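Novice: Letter by letter, the chains look like this.
2 protein chains.
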Amino acid sequence: MAVEPEKQRLLKQHKETHFTAGEVVRDIIIGVSDGLTVPFALAAGLSGANATSSIVLTAGIAEVAAGAISMGLGGYLAAKSEADHYAKELKREQEEIVAVPDIEAAEVAEILAQYGIEPHEYGPVVSALRKQPQAWLDFMMRFELGLERPDPKRALKSALTIAIAYILGGLVPLVPYMFIPRAQDAVLASVVLTVAALLVFGYAKGHFTGNKPFRSAFQTALIGVLASAAAFGLAKAVQG
Amino acid sequence: MAVEPEKQRLLKQHKETHFTAGEVVRDIIIGVSDGLTVPFALAAGLSGANATSSIVLTAGIAEVAAGAISMGLGGYLAAKSEADHYAKELKREQEEIVAVPDIEAAEVAEILAQYGIEPHEYGPVVSALRKQPQAWLDFMMRFELGLERPDPKRALKSALTIAIAYILGGLVPLVPYMFIPRAQDAVLASVVLTVAALLVFGYAKGHFTGNKPFRSAFQTALIGVLASAAAFGLAKAVQG
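Chains as they are written, first to last, in the numbering used here: chain A, 4 to 243; chain B, 4 to 243.
For reference, chain A alone in the conformation it holds in the complex (with noise of 0.2 Å):
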C-alpha cells in the first residue's frame, strides 16, 4: 500500500515531534537566561543608585559566582535525588513484584482498564507480563510510575553545564563595566549589549525548543527588561 502525500506530511511532522530539546540544550537554556537577567539587573540596578563601575563590576562577580554554584550545585543535587528516588521505586517495585504478585497484576489491569479495555482483552498481556519479571518491572516503572531510567552521569554534566552557562550569560552585561568607569555611562551599554543578546539567545531557545522564536525573543527581552527596571527602582529607592 503507497502511503498517500498527506499521509506523508503527518509521519513527517510525527518524526518531528519526537525532537525535543536535549537535556543539555535545556540546562544551556536554564544557565543562560538567568545569567543574561540577573546579573544585567542587578548592575542597572546599581547604577541607578550611584554606585561606581568598580562597586557594580565587583556586586555583580560576586552575583555570577554565587548563582553558577547555586544552580550548578543545585542542579547537581536535583539530578542525584531523582536518580535516588528511581533507584528507591525500582527496589520496592521489585520486591512487590516477588511479594505481592497478584496484587501488582491487579495494577496492570488497572491500568489498562483506564483506557476502556476489557478484562477479556487485557488478559493475555497481564499473563505476558508476569512470565517476563524484568519486562514487567520495567513495565511499572513506566506505566505505573511514570519513571524514566535516568543518566548516571547526568548530575555532573548537568551541573558543569548549567554553572558556565551562568556564568557567559553573567558576564555579558558586566563588560561594559569593564572599560567605562562612570556607571551612569556603562549601563546604557550594558543595556543595549544586554538587550541584544537576550533576543539573540531568545530566538535561539525558540527554536530549539519548538516554540514561536520571534515570540521567544520578544518574552526573554521582556523578562529582562523588566527584571532590570524592577532593580533600578528598587534600588534607587533604597539609596534615596
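Hints in this document: simulated from the structure, not taken from any laboratory.
Copies of the same chain are indistinguishable here, so a pair counts whether it falls within one copy or spans any two.
Restricting the straight-line Cα-Cα distance to at most 25 Å, the calculated cross-link-like pairs of lysine-lysine (BS3-like) are:
(1) LYS134 x LYS94
(2) LYS156 x LYS83
(3) LYS156 x LYS215
(4) LYS156 x LYS94
Bear in mind that the values here come from a model prediction, so they are computed numbers and not experimental data.
Since the structure of chain A is provided, determine the placement of chain B on it from the hints.
Specialist: Chain B in isolation, oriented as in the chain A frame:
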C-alpha cells in the same frame, strides 16, 4: 485471602511511594533555595570588598527583585510552553489517529512489544483502542509521548509561588544589614542567621521530598556557604 504482615508492610510502603512532593512544595523549594543562597552570597561578597551596609542592602534588594522576577516569569513561561507543547502534540496525535490509523495502531503494538509481549497477546488491546478514539488518544499521549495533561492554572500559580518564596528567602540574609551599619559586623550576623535558616530549610526540604532530612540540611547549608565563600573571594580579588 488474608494479606500477611510482610505484604501489608509492602503495600503500606507502596502507598507512601505515591506521595511525591506536590508542585507547590517544589516551587517553594526552588524559590527559597535560591533566595537564601544567592543574595546571601552577594551580600557576603560585597562585605568582603569593604562596601558599606547601605551598598550591600541596595545590591541585595536589587538582586532579590531581579531574581524574583526572572525566576517567577521564567517559571511562568516554562509552564506555559509545557502546556502549549501538550496542546500541539495532542492535536497532532488526533490528526494521525484519523489520517493514518494503521500506523498509529502499529505504534501501540511496538510499545507493548518492547515488554516482550507477543502479537497474539497484545492484539486484542490494539483492537480495543482502535474502537475508542478518545481512549486511544489518551493512551498515545501517556505511553508513546510520556506527556501528562498540564493544569491550566499552573503557570500563574507557579510564577507567584516561586517569586514570593524567592523574596522571603532572599530577605533573611539582608535583615542584619538593615540594623548594623558596618557591613563587616553585619556580615557575621548574616552568616549565622542564614546558615541556621539553610539548615532548617534543608531539613524541611529533605522531609517533604522523601530524602534524608539531616543530609539534606547539611547539603543545603554547604551550597550556601560555598557560594558565599566564592563570592567573598572573587569580590575581594576584584576590589583588591
